[in-house]
Amino acid sequence: MLDADFFRRWMTAAAASVDREAERLTALDSAIGDADHGSNLQRGFTAVTAALEKEAPDSPGAVLTLAGRQLISTVGGASGPLYGTLLRRTGKALGDAAEVGEEQLAAALREGVDGVMKLGGAAPGDKTMIDALVPAVDALGSGFAAARTAAEEGALATTPLQARKGRASYLGERSIGHQDPGATSSALLIAALADTAEADGE
Amino acid sequence: MSEEKPVGIVLVSHSAGVAAAVAELAKGLAGGAAAVPVAPAGGTEGGGLGTSAELVSAAAASVDRGAGVAVLTDLGSAVLTVKALLAEGDELPDGTRLVDAPFLEGAVAAVVTAAAGADLDAVEAAATEAYGYRKV
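Those protein sequences? They're chains E and G, same order as listed. What the first sequence shows, in numbering that gives the first Met the number 0, is residues 0 to 201, in sequence order. What the second sequence shows, in numbering that gives the first Met the number 0, is residues 0 to 135, in sequence order.
If you're looking for bench data, these hints aren't it; they were derived computationally from the structure. Please note that the accuracy of each hint is not assured.
FRET-style restraints, in silico, Cβ to Cβ [said to hold, decoys possible]:
no., chain 1, residue 1, chain 2, residue 2, range
1, E, 198, G, 127, 50 to 58 Å
2, G, 57, E, 23, 29 to 37 Å
3, G, 65, E, 57, 35 to 43 Å
4, E, 97, G, 28, 27 to 35 Å
No more than 20 Å apart at the CA atoms, straight line, and that leaves these computed lysine to any residue pairs for SDA-like [to be verified]:
no., chain 1, residue 1, chain 2, residue 2
5, G, 82, E, 8
6, E, 117, G, 16
7, G, 82, E, 15
Here the structure is a predicted model, which is why all the values come from computation and not from measurement. Backbone N, C-alpha and C define an ideal beta-carbon position, used for all residues, glycine too.
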């Protein structure tokens, strides 16, 4: 079972990963976006770790809703409301249980991903974070490692796609040949989840 | 129609300068619209380009007179930020609505309509109708 501390460690691992990869995310975003994805997410996840230290929420759902709220408030770009909605919707779906199982997490994450699709109007194949998140959630039933692999493959598979959402969509065919920064950061988030679970021996 | 309580208008842009200038232009073109509360929410809290949920919440609270608040946005993250705040439920005043309208033309239509004492539905309709105004 996964408790609040597990989710806190997931968010901390995600923040560390975003820190490490911020320059790469921004470089990807400079090709087809407005070159701020890494720095925006870094600002958001710094706020997430600070808030989690200060407030110490005591359930998995409360950890994720607090984290989502911080992202919506502080990121400044589209990734803020999108990732914020992902975590908040997932957190709300988990409710106030003190511990949750892997199946429960998978079902809640699916609700979170549905919320992101509704907010941004994106579907699989649009060259967005959805292209990493949907395969990850589909694979989560087979374990955390499978979800990490599916997210990474999903992110890589955005390279030949033409963007249909966000600023990259203005580039039309010129968006082809670049890996999507949002799908890449989504793969980092899922990898941080898998790392946290593996460190736990889950 | 409500004569005493005007609808509030919030203008959310990626740029503080754009939001402030559009607010000024809309109020100017509305003539005697001093009674309509209009608040810009542009850029990030640090003064950069982007959208700030905190600035949007503060702007909406500042223009709320109890008759509803019409929020107009420019692009991408401005739209998503307002939608996310609306989904939160308690971040924006009751009766706050994201209005689907062109930013500048919609702002002018919204402020002029609100200045005439119209309610939120009429303000929204006027702003949305601005999409139909062809220039060529």
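Hints, verified against the model:
A beta carbon spacing of about 52 Å between residue 198 (chain E) and residue 127 (chain G) agrees with the range 50 to 58 Å that was offered as a hint. In this structure the hint that residue 57 (chain G) and residue 23 (chain E) lie 29 to 37 Å apart at CB holds, the actual value being about 34 Å. For the pair residue 65 (chain G) and residue 57 (chain E), the supplied restraint of 35 to 43 Å holds, since their beta-carbon distance comes to about 37 Å. As the Cβ distance of residue 97 (chain E) to residue 28 (chain G) is approximately 57 Å, the hint placing it in 27 to 35 Å is violated.
The hinted pair formed by residue 82 (chain G) and residue 8 (chain E) fails the criterion: a straight-line CA distance of about 29 Å is larger than 20 Å. With a C-alpha separation of about 31 Å, the suggested pair residue 117 (chain E) and residue 16 (chain G) falls outside the 20 Å cut-off, and the hint is violated. A distance of roughly 28 Å separates the Cα atoms of residue 82 (chain G) and residue 15 (chain E); the hinted pair therefore is violated under the 20 Å criterion.
Consistency note: the structure conflicts with the earlier hints numbered 4, 5, 6, 7.
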